[in-house]
Structure formats: C-alpha cells, structure tokens
Amino acid sequence: MTGYEGADLAIALINVVLLGLLFVVAIAIARMRSLFAIVMLSSIYSLISATWFVALDAVDVAFTEAAVGAGISTALLLGAMLLTSRTAKPEPRKFAIVPLLVCIATGLILVYATIDLPAFGDPDSPANTYVGTDYIERTPEEIGVPNIVTAVLASYRGFDTLGETGVVFSAALAVILLLGFGERSLSASIGRRKGGKE
Amino acid sequence: MIGAAAIALIVAIGLMLIRALSGPTLYDRVLAMNSLGTKIVLFIGVLGFVLGRPDFLDISVLYALINFVSTIAILKFFRYRSFQVPLMRKTNTPRQPRAAEGGEDG
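Protein chains in written order, with the numbering used here: chain A, 1 to 198; chain B, 1 to 106.
A couple of the hints might just be wrong.
Said to hold, decoys possible - Not everything, but these chain A residues come out facing chain B in the computed CB check (under 7 Å):
id : residue
1  : M40
2  : I44
3  : A67
4  : A70
5  : A75
6  : F159
Unchecked claim - Now the in silico label distances, taken between C-beta atoms and shown as ranges:
id : chain 1 : residue 1 : chain 2 : residue 2 : range
7  : A       : D116      : B       : L75       : 44 to 50 Å
8  : B       : V69       : A       : E142      : 34 to 40 Å
9  : B       : D55       : A       : L19       : 22 to 28 Å
Honestly, the hints are just simulated from the structure, not real lab data.
Please read all numbers here as calculations on a predicted model, not as lab measurements.
Heads up, the beta-carbon is just placed ideally off N, CA and C, and yes, glycines get one too.
With the sequences and hints as input, model every part of the structure.
Here it is in structure tokens:
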C-alpha cells in the first residue's frame, strides 16, 4: 500500500463498518413485508457490497455487482412486481430450531475451513506460485494497465470474456423474445385483462 | 483530513440507511436510496485517496451513472406502474398514462 501509514487500519475499519451495514440491511430485508421496500433495500445492499468489493480491491466484481445488483435486478424485480401483489403474505412468527441449528453448523464448518487457508498475501500459497506470478511479472510490460485482473480478463483471456459476453447477450435476447416488449408484452396483456388497473 | 471526510460519509450513509429502513412512505425510501448512492460514489472517491489509489475516481463516476439510471427507472415505475411508457410526453397518445396514487405502503 502506498497510502499513508494508517492504511491497514483504515481497511480493517472499513471492512467492519461496511459488513455491519450489510448485516443491518439483510436483517431488515428478512423482517420486512412490503415488497417495494424490500426491492429498495436489496438495491442498497448491492451498492454497499459493491463498495466493499472496491475496498477489497476486487474492482471487476464490484463493477458487476453495481451494474447487475443495483441496476438491472432492481428494475427486473420492480417489473416482476407488476405481475404479483405488493406485499408478502404475513407469516406467523414461530421459532424454528432446526434451520437455526443448520445455519450455525454450516457457519462453524465454514469458519473451520478458513483455518486451512493460506495467510493473506502469502507468497508460497498455491494462488501465488504457479501462473499468477507469470501474469504479475508480464502485465506491466505486455499490457500496461495498473489492474492485473483487468489485464487477465480483457487481454490474456480476451476470447473467453468475449464468449461469456455472447452467452449473456443471447440469454438476455431469449428472455426479451419470450416476455416481449411494448404493447404485446406479458405485463401489458395482464394489465389489459385486469381492465387497465395496475 | 481525508479520514475525517470518510468517517463523515460513513455517518451519512448510516443516516440514509435509517431513513430507508424506517421511511413511512415509498418516496422516502427512493430518496434515501438515491442519496445513499451519491454518498457511496463520494465514499469510493475518498477511499481511493485513503488507500493511495486515486484511480478509484473512475469507478465512482461509473457508479454515479448507474445510480442515476436506476433512480430514473424506479421513479418511472412509481409514476406510470410500467416501464413501457416513453418518458417524452407525446401530444396525441392513444392511451394516456394514469397517474399513480402514490404513497401507499403495505
């Protein structure tokens, strides 16, 4: 890190604060019944988690999270709400012990699995010993962009990324063709059936 | 100094979150979301300087674009209950878009 001397502490603080905000939003989403509010809160969740990804230096993941989570999926959820009701069904609050135990057990297993992970930035870890060092050494002179992930995605594996883009594009095209646009779309036909309401 | 700005932005994000969680009407929530997006953009910009990498500014500019477009989409949804209404008002449209009642919250 080339920042000032408190940068490590700043990163730790930012991680704690952003994860705390994410926790609050997630609890609120689980508790709420108004679907509009839940859509808004899920958009907020995506924005905050995208910020957290930026703080963790995973810029490309953050980018996808902001574009898909905060942008597209908010619009898609709102569009889906045109076809359903506005509020979720109220559920009777009963304390379920088995799902809680399953969640706690899974969390404990995951925490136990992190013990075997190599330390952060360990030069002897498998991620840093094989092809990764090659990318790190050759990116500055071959590609010349500051972010090595960008160089790998857009240049070294450029055809792979192009193929992924083609797959996503054709999937979106198929969905649009199935659901339709404008007057002939699914939501418009349902709106006509309800006599123009909603 | 930049650290103080970052802390102030975090506090502002917390306040926006409180408004988004407890907002009585939908418009409070939309406004809180939009404002929180702006705070996130500013925070990412400040974060770049805190971590010594000012190229985070590019990312924050792109977030500003996404935030703007999604706010427009949500407000259009609230106004017309549909995404398929053109934003420009035509003079002789056959179906006049119905104004939303607004403010209801389940």
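Can you give the numbers of the hints that this structure goes against, from lowest to highest? 6
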